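J.: Spelled out, the chains give:
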Amino acid sequence: MDFTSLPLLSLILWLPLVGALLLMFLFSERSIKVAALLISLADFALSLGLLAGWRSTGAMQFEEFMPWITQLNINYHLGVDGISLFLVLLTTLMGPIVVLFSWNNIQENLRAFLILLLVQQTAMLGVFMALDLILFFLFWEMSIIPMYFLIGKWGSGRRVYAATKFLLYTLAGSAFMLIAIIALYVVTGSFDWVDLRGATLTPALEFLAFWAFAIAFAVKVPLFPLHTWLPDAHVQAPTAGSVILAGILLKMGTYGFLRFSLPLFPQAAVTYAPWLAGVAIIGILYGALTALVQKDVKSLVAYSSIAHLGFVMLGIVTFTSQGLSGAVLQNINHGLSTGALFLLVGMLYDRRHTRMLADYGGLWKQAPLFSAIFVLVAMSSVGLPGLNGFVGEFTILVGAFRVNMIWAALGTLGIIFAAWYLLTAARGLLFGPLDEKNKDLPDLNRREFWLLVPILILFFIIGLFPNLFFDKINPSVEALMRDVGQAAIVRVVD
Amino acid sequence: MIFDYAWLILLFPALGLLFNAFFGRRVGHKVAAIVANLAVALSFLMAVALAMGLSALPGDESSVEVLLWPWIHIAGFQVDMALLIDPLSSVMILVVTGIGLLIHIYSATYMKVDDEHQPMDERRYARFFVYMNLFILMMLTLVLANNYVMLYLGWEGVGLASYLLIGFWFYKPSAADAAKKAFLVNRVGDFGMALAIMWMFFLFGKEAGSLSFDAVFAALETASPAVVAALTGVTLLLLLAATGKSAQIPLFVWLPDAMEGPSPVSALIHAATMVTAGVYMLARSHPLLELAPATMTLIAWIGGLTALMAASIAIVQTDLKRILAYSTISQLGYMFLGVGVGAYVASVFHLYTHAFFKALLFLAAGSVMHALHGELNIDLMGGLRKKLPVTYAQFLIGALALAGFPLLSGYWSKDAILLGAFVTSYPLYAIGLFTALLTAFYSLRAVYRAFHGQPRDEHLYDHAHEQPRGMTWPLWALAFGAVFAGLLGLPAIFGKEFGFPVGNLIEGWLKPTFEGLSEPHVAFSTEMALFISSGFVALIGIYLAYARYVKQSGWTLSLQKALSPLQPALENKYWVDEIYFAVIVNPLRALARFFATGAEGVIDGVVNGVGAVTTAAGVGIARLQTGLLSWYALSLFLGVVLLLIYFVFA
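Line by line, the protein sequences are chains H and Z. So for the first sequence, the working numbering puts the first residue at 3; every next one is plus one. So for the second sequence, the working numbering puts the first residue at 10; every next one is plus one.
A few of these clues could be false.
[Unchecked claim] One-sided and incomplete, this derived list gives chain Z residues near chain H with beta-carbon spacing under 8 Å: (1) M61; (2) G62; (3) I83; (4) A185; (5) K189; (6) L193; (7) L204; (8) W208; (9) R478; (10) R598; (11) F604; (12) G607.
Hints were generated in silico from the structure; no laboratory data involved. Owing to the predicted nature of the structure, the values given are computational and were not obtained by experimental measurement. Heads up, the beta-carbon is just placed ideally off N, CA and C, and yes, glycines get one too.
Isolated chain Z (complex conformation) (with noise of 0.2 Å):
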């Protein structure tokens, strides 16, 4: 059976890392990229091979759980590391591999150089592979876990090596606050993680004592009113470790700054894959959360607010990977609403979608920085579709599925959460599609400042330069994924309407994941109506921005000007990292200054002082001893009178 040999799948990054860790500086540039790309190469034929292995088998029996060995047992704690292929982990572990092998592929050439453009030395080379394959190991333990400890631990290793990548260019003061910062503002998410565990094992550690999916959500079968009422609390902590990990309100605050890592590692890590693990954990955790509806509704509203402000930022961003940074806020936003709505399936296909265009634009972008030596800011660009040619349609053809341009994938899965969104709530829905309108306007906006119109910077555009070919297939690869890959979850009714051979793909193959759920489904014309709605208002979208910076209309002038009191608000993104310096991090630190320097002097006095009072009163009982016999005979002659008297009147 496949299955017996799932481990390989997380032997062969480990392996690799293991090799360039220890060897890389030694071999040279190629050997390392090969033995890092080899290893993410045969994890995606593992992947590949389990996905078909699971397809072979009959739909009610599709979850294999593979035991790795026992991990922390204590008493009734019966934690062990195992992994659980089914329909959900196998196209979690597609992208990750897939998506995973272009972006290495991708970097073997692009950090040939480093930041400031000088060669690259093999030692910082093997470094990168080293934390990518990490994080890939990491990633694949994360979403193969059988349990929520070692669900827990992939959560965490994750964090690790992003820290370690955003951090990678060491000696930029930014890069090195971005990445402990990153690291931190997970750990606030992990808090409720860590938290949300122990209460699960509070509540189900007879029955689940292995905190495993399976056996937690069969433990919810019997569970009393109060335990019910209890996940109320442990799925809000489920959702703020979510918060963190994928960057939504109240936690997105480190993923802007991310973006000082290499562009690779925002493609992989900050765009297609790690973001989306709070999705992925919140789709997993269904059971939990369909006994929470409170909880539900929050995350619908978490995720709507989320995109609608992101998406308002990035509008007035001028330094390219930013804004991205906040459509990918943004678009997770969509897929928590989808998580919130109860959309599962809508939220997956969309977290597989995004995950071939986001990271399509930020390959382009870092070809464009490539091109630029370094420099994103898009008011210095223009015109560079001239230049780049290559680049510019692959730029173009990610903006255009983020932006839901009509048949393209992104279209398709957003509209699919927007369906939900529509049969929950309205308000929703009008939020989600006027955020639509947003993301085609400021995905538009980007392509026609950089690469329309007249260069801003001649020094630059003259230098600038196409990328080499190492770069340019898997961008392709990527291209066409962004194109077509929302093919593979087609509207079902429209297999019922036009006669489509096949239905929702998608859909069908995560179903035994979502057994009994019903994904949200309208009658036809209302679902035609909503499809061509919002393929309008990407198209209303798109106009906006030519009309503003191609055309330059003077309307659009006005309008902008209209709108400029909003404009602090946004260029500051809305001060919430100054809000949380204010609120939280400067009164900690004060606190702790106020321990450091006040109270331990205080308690060290205190201390110290009952030690005095304990000598100098041990130097006082000392003078009773005078050595003079008449001294003793009337103490003890006193002594026996105050005894004497205590007997006498007591």
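Chain H with its partners taken away, still in its complex shape (with noise of 0.2 Å):
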């Protein structure tokens, strides 16, 4: 079958909006949770096609394009490449786990909450997408409204202010983004991604334009010290919230960086990788650390973010193949194992309301399914090797130290940090003597184990066979790297 006929990308970026629609008219609850069901997983399924019509090529694929706004030259234009396939693949595939994960612990207004689910899904599908910059920067935007609601009304604890913090941050982090799109626009003529990266510009618009860029998305991955509402929204978001927001929505900074960043303004990324990398160092060993001495399992999982972001955004700043490839993996990596860890921390909150480790020891005999699971995803995220997390961030190290013996070093002491929180947590959860309180605590029931399976199994893909992702990966990664035209930089030429 041919899939370039099709507007593929069109179809799975507007289907969730669509299914939303669709779900306005249904009425028995039941219906309405098997509709948002089945239009995810289609979206999985469509997106899919994508595998199997992919070319191994560096250059965009499946592009559409379709004038929208004539007059400012601004235009409806599709594409993915290696750097962004795999996360529309992850978007997608997270949204029948988030979907699956809420069946029965959303109590109120559960139509709201996945129509919120379906228009989030789209957003982010279109900022992986989007090739013109204003249609990146709208789809960008409209990725924050439904997370807002989701934490404000469905969040716990401190919900309110952690849903507004989480939109004053991204918002003015974006104004400076926005000033820059319009400032390029008037220089160059055009919105357009292919036009800009072939665009000379001025030293000084090129600075401040990466400078620009940088804040909307050192907000998003987030960098140390643009943090702060991380925690916040993490913890008091409902489960499926913090999914997406660690599995995808951090994301959406470090593509941006890679995406815009890097192939836009060279010059400046490459003056200013040591700054950057050294915040993404910073954010490694003080996320890891502050991670460690959390009494709250679930902040202790945000905290581990900032740290794992930390190694994708160092990655970035290598310019070397290995670095960066590494980063597109990892942020996938990152994507599935923290993701997993939200589920099952998320699994134990509904069975007893409570996040707090002291609250819990000793669940290897009352629920052991859920303690294999969470010793092998606390694996994953520490980086044992034949699992995921390994390849990606072991990659990445091997770029960085062609660059710089000590960011390597430093780098690496995270992982020792990482193996220390983590089994923290998992002592503190799973090992010693079963509380009284947890005495009739159930084990992960059918619908918790099946949607954590894929996840499970993409560990193992990953770790053993990443070069099935690296095909697909790397040649992007070259041509953003001919494009950043900065190989030299690097010691050692491949």
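Assembling the complex is the task here: the two chains are given apart, and the hints tell you how they should meet.
T.: In structure tokens, the structure reads:
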């Protein structure tokens, strides 16, 4: 079948939104749930078409181009390459998983909740597909709104504070980006990524625009010290929200650096790479140590995200094949591992309505399936070779070592700390005597088990056969490196 | 070709663990144990077949690489899943699967009751064998890997198995803490391993992007002086990794705690196999080490001092398994000493004999524990040889082999290492010889305190019962090895002088791996003198233990009194744990708390503050928009005036 004749990207992109509209006309709770699940599954199935029709090239594929606001040269331009492909797939994979997770635990207004999840999905997919800066910006902003409501309405504790903080931080960051987008248009007359890639900018504009974009992306990643919205948002969000936030939304930041900051502003990117590497490494160590002393498991996982995203950022600014390809893959790995951790913590929360480590202990006895899966996920997250996390982290560090031995050494230190905080969590949850209050805590049910299974299988596939992914990632990374034209800064030539 | 099926050796334990992971709790004890044992048995047969296949090859070609699949390929980074079958790895797989099989058989009976002597439920029983098969799988991966990255996979994989098995009695806080400690201390070592691999790619990425041993070592031949200088750094990092896995100074602190795991685990992982991975890795990396003499010297001294330190602690321990744990650290120290002085064959030989007698000792200790319902304190034992004659005989054989009793396996291999030390450095030889004295003393001290004399706890003694049959015969097999395994490594010089039909078999076998290196050799008379003196030292140690604990001679008591100032340091294990906590762990925790409670608030405040200032500024500016035309006109006027002033004076 010839997939290229179909507007496949548009189908994947808009299906969730159309589905969300459909949900408005359904009434029984069951039909709403089933419809949301079917829609997200269909979207995932469609996105597999991307794999089926993939050509091994570094260029954009499945491109769609349609004039939109011709007066301003704004176009509906979509495309994916090796850098965005797996983010699209991760987004569509997480769709059915979070719907399934929310099957029974959303007490009020399930319909609105599911509609927001679907709208959120379209927004994030748009971010990963858009090649026109205005289109990109619209999806970028659009992705904030459903999450704002998901946290603010279905969250726990200080949910309104957390939601508002999330909103304001992101908006403040993206305001700078909008100004830069307009400035680029004024100078070049185009909003199109393809045109801008080849454009030569004056150094002043390039440097200003680089920082304007960088602030927007840095808030999202989040890079130290712009990260403080994240623990609040992650902890207060409902589980589905945390999974989406950590699994996908944060990747919009690192993706932004890869898609826009590097190819559009290569000089500035190379110049400021050491600074970004510095904050990335601070993030790795600071996030890991802070995670270590959290009493709340969810906030432990939230801080671990800061550390993990620090690795991705470090890989990006090495400008080496290994660092960049590793970073692209690590985006996915973090989505899977941390997504799974949030799901597991959510499953505990659904049972006991507490997230405090001190309230658990000895779960190996009461919930062996949960415990075994927790250990597996923790191992994926600490980068145990053979599982997914190792492949990403290790290649990032190999790249970092080629640029600066100290970067690699400090990053590797972060791997020790990662084991420390996750084993502390495992020690608190699974080991020791069983608390009386957890005596009747049920193990994972069938639904919970099966929604985790795809993630667990991917741990092994990525860990043992990462070339299935690198085959598609590497060509685009090579193209990006040609754009940056700075392979010369690397001491060893590939 | 047999080598085309080499991957089967990994497949069997993989299948075994998958079966028990998914179905183990439903099929009952018997099937779970049979499947797990069968998996290791088949792997063992495969290991034998591979070793035979290897021996059929001509000596200079006895190294076979088998590609499984391409693993991580990014530009110049081209790491594969591939196996290397050569003399060194074949010795390792034979030890791992051979000893592993015996310990699996023993476990099938031993693990039928849990640590509280209650019958073990199917779920935990199956889980135990899942972890054990996982360990075998990962250990085989470690020793069969043809490149450093895959070795690292096995390296961390055995660490995971060790973590899960130390924490097997998960409800015991001490076991849970010990598991976590083992993993974390090993991670500190793995930090060195990871960085060393990155460094090697940095140095040799162009010639050896696969990071396979062969490619890296081949690249050494054309290495520039700068690269050779960097090798000191690389090898120091590898040494850090090895001190973690093989429990040497400074990272030995996890191994004594690891005795929280069930006894078969201590025998297999924390004595016979996993902890020798560091020795294996260093021996494997000998071409790198040869170019980094400073690292070699450090390895030798770390080994010698660790051997001495651990042996001195073992003297005052009262927990039977802890005595054995410190003795393992000490014996691994000998192996490091051997590597450090370039006596690789002697090290591997000692690794191999040690696997027999130490596994034997641990399993016999497990039998004692079984007999005494979990009691391990030798102060509460005494006289057990009447109740447990079989266990006594087995433990005694193991202890004598460990003590270096002449002609038993440990005697030959320890002496080969001491010979290497003698050739290189007299101080190291002296340390090694003195440690041999301590070793003989503490080994027999354990025997006499546990099995001789009068029972010190009548209740324990009365309820003691001899080991069941399922546990007995694997122990006899190990005992056989503990006695005779040394015959494979009789000094080559004996062959020449006494006209033995065979020379040093293990040296001949390992020759292709350590091509070009000459094992230390000395004149026959010197060698005989060394043999006699170390045998003599072992006998003195044994006699000392006999005089002190059986005869209770007066002079031994006064000797003990004279040495008593040392006792606090030994009983507190030189306070190393406490020092690490005070210097590393607690400061890091304090820093973490400062981040979590102090810094987070400040950063949040500052970033929010910037936002608040912006908002305030916005509110202030909004006030300017009063809607009064006259106000706007005034502003306009003022602005024009300011501009005029600027242009006039600029």
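J.: Evaluate each hint against the coordinates.
T.: Here's how the hints hold up against the structure:
1. M61: violated, 30 Å
2. G62: With Cβ-Cβ at 27 Å, over 8 Å, it is violated.
3. I83: holds, 5 Å
4. A185: holds, 3 Å
5. K189: holds, 5 Å
6. L193: holds, 6 Å
7. L204: holds, 6 Å
8. W208: holds, 7 Å
9. R478: violated, 32 Å
10. R598: holds, 7 Å
11. F604: OK, holds: F604 (chain Z) within 8 Å of chain H, min 5 Å.
12. G607: violated, 11 Å
Hint compliance for this structure: hints 1, 2, 9 and 12 are broken, all remaining hints hold.
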